[in-house]
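Chains B and G are the protein sequences, given in the same order.
Mapping of the first sequence onto this note's numbering: residues 1 to 762, in sequence order.
Mapping of the second sequence onto this note's numbering: residues 1 to 81, in sequence order.
Keep in mind that a hint or two might mislead.
[To be verified] Result set (DSS-like, lysine-lysine): computed pairs, CA atoms no more than 30 Å apart in a straight line:
| # | chain 1 | residue 1 | chain 2 | residue 2 |
| --- | --- | --- | --- | --- |
| 1 | B | Lys171 | B | Lys63 |
| 2 | G | Lys47 | B | Lys405 |
| 3 | G | Lys47 | B | Lys69 |
| 4 | G | Lys77 | G | Lys47 |
| 5 | B | Lys315 | B | Lys734 |
| 6 | B | Lys125 | B | Lys282 |
| 7 | B | Lys171 | B | Lys92 |
| 8 | B | Lys202 | G | Lys42 |
| 9 | B | Lys282 | B | Lys92 |
| 10 | G | Lys47 | B | Lys672 |
| 11 | B | Lys21 | B | Lys672 |
| 12 | G | Lys77 | B | Lys311 |
| 13 | B | Lys587 | B | Lys561 |
| 14 | B | Lys92 | G | Lys77 |
| 15 | G | Lys77 | B | Lys413 |
| 16 | B | Lys405 | B | Lys202 |
| 17 | B | Lys171 | B | Lys561 |
| 18 | B | Lys433 | B | Lys125 |
| 19 | B | Lys405 | B | Lys433 |
| 20 | B | Lys130 | B | Lys171 |
| 21 | B | Lys13 | B | Lys69 |
| 22 | G | Lys77 | B | Lys171 |
| 23 | B | Lys130 | B | Lys672 |
| 24 | G | Lys42 | B | Lys413 |
| 25 | B | Lys69 | B | Lys21 |
| 26 | B | Lys69 | B | Lys31 |
| 27 | B | Lys315 | B | Lys63 |
| 28 | B | Lys311 | B | Lys21 |
| 29 | B | Lys13 | G | Lys42 |
| 30 | B | Lys125 | B | Lys69 |
| 31 | B | Lys13 | B | Lys63 |
| 32 | B | Lys92 | G | Lys42 |
| 33 | B | Lys13 | B | Lys734 |
[What the hints assert, rightly or not] Distance ranges between label pairs, derived from CB positions:
| # | chain 1 | residue 1 | chain 2 | residue 2 | range |
| --- | --- | --- | --- | --- | --- |
| 34 | G | Lys47 | B | Glu762 | 56 to 64 Å |
| 35 | B | Ala188 | G | Asp15 | 47 to 55 Å |
| 36 | B | Arg107 | G | Arg11 | 34 to 42 Å |
| 37 | B | Ser200 | G | Arg17 | 26 to 34 Å |
[As the list claims (entries may be wrong)] Away from chain B, derived, C-beta distances all over 12 Å, residues of chain G:
| # | residue |
| --- | --- |
| 38 | Leu6 |
| 39 | Gly8 |
| 40 | Asp12 |
Hints listed in this document are in silico derivations from the structure and should not be mistaken for laboratory results.
Since the model is a prediction, treat every value here as computed from it, not as a measurement.
For each residue, glycine too, the CB sits at the ideal point set by N, CA and C.
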Amino acid sequence: MPLETDFPQGYEKRDFRVVGKRPVRPDGIDKVTGRARFGADTVAPGMLHGAILRSPHAHARIKSIDTAKAEALEGVKAVVTRDDFPIHDAVKEDRGLLDILVNCMAREKALYDGHAVAAVAATDKITARKALKLIEVEYEVLGHVIDEDLAMAPDAPILHDDLGYDYGKGKPSNVAGRTEIGHGDVDAGFAAADRVVERSFKTGAAHQGYIEPHACLANIGADGRGELWCCTQGHFMVRDTVTQLLGMDVSNLRVTASEIGGGFGGKTAVFIEPVAVALSRKAGKPVKIVMDRHEVFRATGPTASASLWVKVGAKADGTITAADALLKYQGGAFQGSPVDMGAMAAFACYNLENVRAVGYDIVTNRPKQAAYRAPGAPMAAFAVESVMTELADALGIDPIDFRLKNAARDHSKSSYGPTYNEIGLVETLEAAKATEHYNSPLGPNQGRGVACGFWFNFGGQTAVTLNVNLDGTAALSVGTPDIGGSRASMCAMAAEELGIDYDDIYAIIGDTASLGYNDVTDGSRATFASGLATIQAARQVKERMCARAARIWGIPEDAVKWEGGAAVPSGPNAGDHAPLSFRDIAKMAGETGGPIAGHHEISAEGAGPSFATHIVDAEIDRETGRIDVKRYTVVQDAGKAVHPAYVEGQFQGGAVQGIGWALNEEYIYSDKGVLENAGFLDYRVPVASDLPMIETVIVEKPNPGHPYGVRGVGETSIVPPMGAIANAVSAAAKVRATEIPMSPPRMLKLLRENESAAKAAE
Amino acid sequence: MVQVTLWGSLRDYTDGRNEVEVAGDNIYQILQNLGQAEPRLKPILEKGVTVSLDGQIYRQNLMQTVRPDSEVFILPKMAGG
């Protein structure tokens, strides 16, 4: 017999009372008054301060580590090195876990500038820093490689002797894996094309740039049990990873997520948490570690950098006949760059008969990459959207019309294989074309670019509890850290279901001992999945309240229904009873059967993909090469915007991060492989004065997999910006920009080369 | 039997085929039977994959029912930011 699952899906059209409004966020006052507690705000009696010694070399064998002098320093309570991180069975069997362990504390080799090699816990920060200087590490410096193309060369320094796509053939390499996506016959497709455009591109590695550095406090007792407070996008993930790395029982570690000052994917991994727990376990005291900005850049995950090639062919009428891409992503010193998702997302906006995307996962002497909003997709989209616009221009077709002609639609076959359900790409393109922005005139030295973007969106394991209070309010406990205003959305959905006020719901992030497992807040899943669970928990509360009303009235439970925030009799035999409101029933809970609560636990699926179209006007200063973004509009499908202000905020945030990635941000290394711009002065993210107001258009094409039609919105918005900006800049500069960031020196060089080429051609 | 389409690079493990017919009433059974039918795929399936069922992405809910006419794609393991 087929197994049926508890899978509460299905969009139902309805009028909303709370959802779709713009109430004040519940965490807002705490954040603007400084009352909110972030990772570094946590303290404990007797707390020690941890500090980490990091490799100054990009690639070096660690011949010895002598900690004797550090341990002898007064105030030092514990020192840990690789010897304190034995490889437990769970780690031995899982290469991914082993990589995390080695990234948190180097073993035989330091694999990048900033790689942790030892850590100290001392009574104060200054003593901890002094102790680091007393640790003697003997290195044998090895050749290093930073660039993805160079890492693939036959003579490249090899990072891992037991890794490589060719390793099965007895030959280690820096190519950890290969992926291929697609269908049809691309060669035949290109043969049928009237026009073909192909280009190569490069993208820099960009950091997520969250304002709050990583911070945690570990407190492990002599009995081996303890607690960990940290800023993370997923405290259940932290608990499970740390306990596996350190050979602890999962139940022996309780993890609480602090408020989080930005994550964007960068806090879906552990870096300092296992080190703090190991130090606390060794010292027998609480240990706090707070990274400084320099450490954040050197030793946490930026996204991958990429080398890309894209070729697209089309008929004279604009119909694409074939599309092909080669993507090479370096993800730092360990396998696992997001090239798989880059390959799947590359052409996802297009309905293509013949398509192929090949990707290579490459290791280099850089920090282990971490997820960054729609991991893997923005780089691929930069290259694909650049070529799409160049091809449209070559055919004399408006770039939005060209995309509309080839756009993925409801029930079309995606470029990565599956058939789409209802999707909103065409709606975003049509809305973009109708904007005043797209139809406005441009100034001198300005160009306009458009680009589309896609992200899968995910669900995942989710558990929530909704407790009804005696005064008619309710406390909602969710397990997905709130990185983008999701508590406001949860309160709105709970209030919508229960028929009570938004302000009567108090949402918190429950710790790992209070809720069932929750996956990380990633994949644009929190509002979708925790929202789905919240709706189901609220419906359970309503059922239980109806049961209490039935008990009070002495009628069958099925003779009571929930209507307008109250239990009311329903049906011919229910009798005549005055409605009992949420508050009435809450007040009598103790006398009618005890506390009332709703719970829901689910592996949520059904997150519909989200598509976007961006329009950007850019201006180039031909003397300096500086690019100014003059106007920017994001048009994106949200399915249903639960809290439109925060949906707009996600659109704007993604666009701004994309602008930074496109114009300024990149990791710059010396010839020794040392990161040279590990701070916000030299790694420049856009600030308000650099930017126009980001205009937004919310398209709402309901997701059939959610009762309100919600789609995740947190990631898609960073996919189109680089392509859109490159198209605008190329139009303004009258030369195709193929490398990002399009920084002033790079643009100036491109302009000069173009001028020289033009003169030579005269 | 259900027709299962594999992502392109898995052809290296199936003698060039990217479509395989396997029995199974849910995603879990499909993956188990696929691993038995194509033993070289088993380590990849155990490491983790994503399944698209009738256009819907499934990362975890392996108990989801699969019909004989379902569209089933095996895709690389996915993660978000």
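Item to check | Given pair status - Lys413 of chain B, Lys77 of chain G, alpha carbons within 30 Å | outcome: 20 Å, holds
Next on the checklist: Can you confirm whether the C-alpha distance between Lys13 of chain B and Lys42 of chain G stays at or below 30 Å?
Outcome noted: 43 Å, violated
Checklist entry - Given the hint that Lys125 of chain B pairs with Lys69 of chain B, does the C-alpha gap stay at or below 30 Å? => result 17 Å, holds
Checklist entry - When you check the alpha-carbon spacing of Lys69 of chain B and Lys21 of chain B, does it fall within 30 Å? => result Given that 30 Å is the threshold and the Cα spacing comes to 61 Å, the pair is violated.
Checklist entry - Quick one: are Arg107 of chain B and Arg11 of chain G within 34 to 42 Å, going by C-beta? => result Hint holds: Cβ distance 36 Å, inside 34 to 42 Å.
Next on the checklist: Please verify whether Lys433 of chain B and Lys125 of chain B have alpha carbons no more than 30 Å apart.
Outcome noted: Violated, at about 57 Å.
Item to check | Given pair status - Lys63 of chain B, Lys315 of chain B, alpha carbons within 30 Å | outcome: 61 Å, violated
Checklist entry - Can we trust that Gly8 of chain G is non-interface, i.e. its beta-carbon lies farther than 12 Å from all of chain B? => result 3 Å, violated
Checklist entry - Is the hinted pair Lys125 of chain B and Lys282 of chain B satisfied, with a Cα-Cα distance of at most 30 Å? => result 18 Å, holds
Checklist entry - Between Lys171 of chain B and Lys63 of chain B, does the CA-CA distance stay at or below 30 Å? => result 25 Å, holds
Checklist entry - Asp12 of chain G: least C-beta distance to chain B exceeds 12 Å? => result Incorrect as stated: the minimum Cβ-Cβ distance to chain B is 8 Å, not above 12 Å.
Next on the checklist: Please verify whether Lys282 of chain B and Lys92 of chain B have alpha carbons no more than 30 Å apart.
Outcome noted: 23 Å, holds
Of the hints listed earlier, those the structure fails to meet are numbers 2, 3, 8, 10, 11, 17, 18, 20, 21, 25, 26, 27, 28, 29, 31, 33, 35, 38, 39, 40, in rising order.
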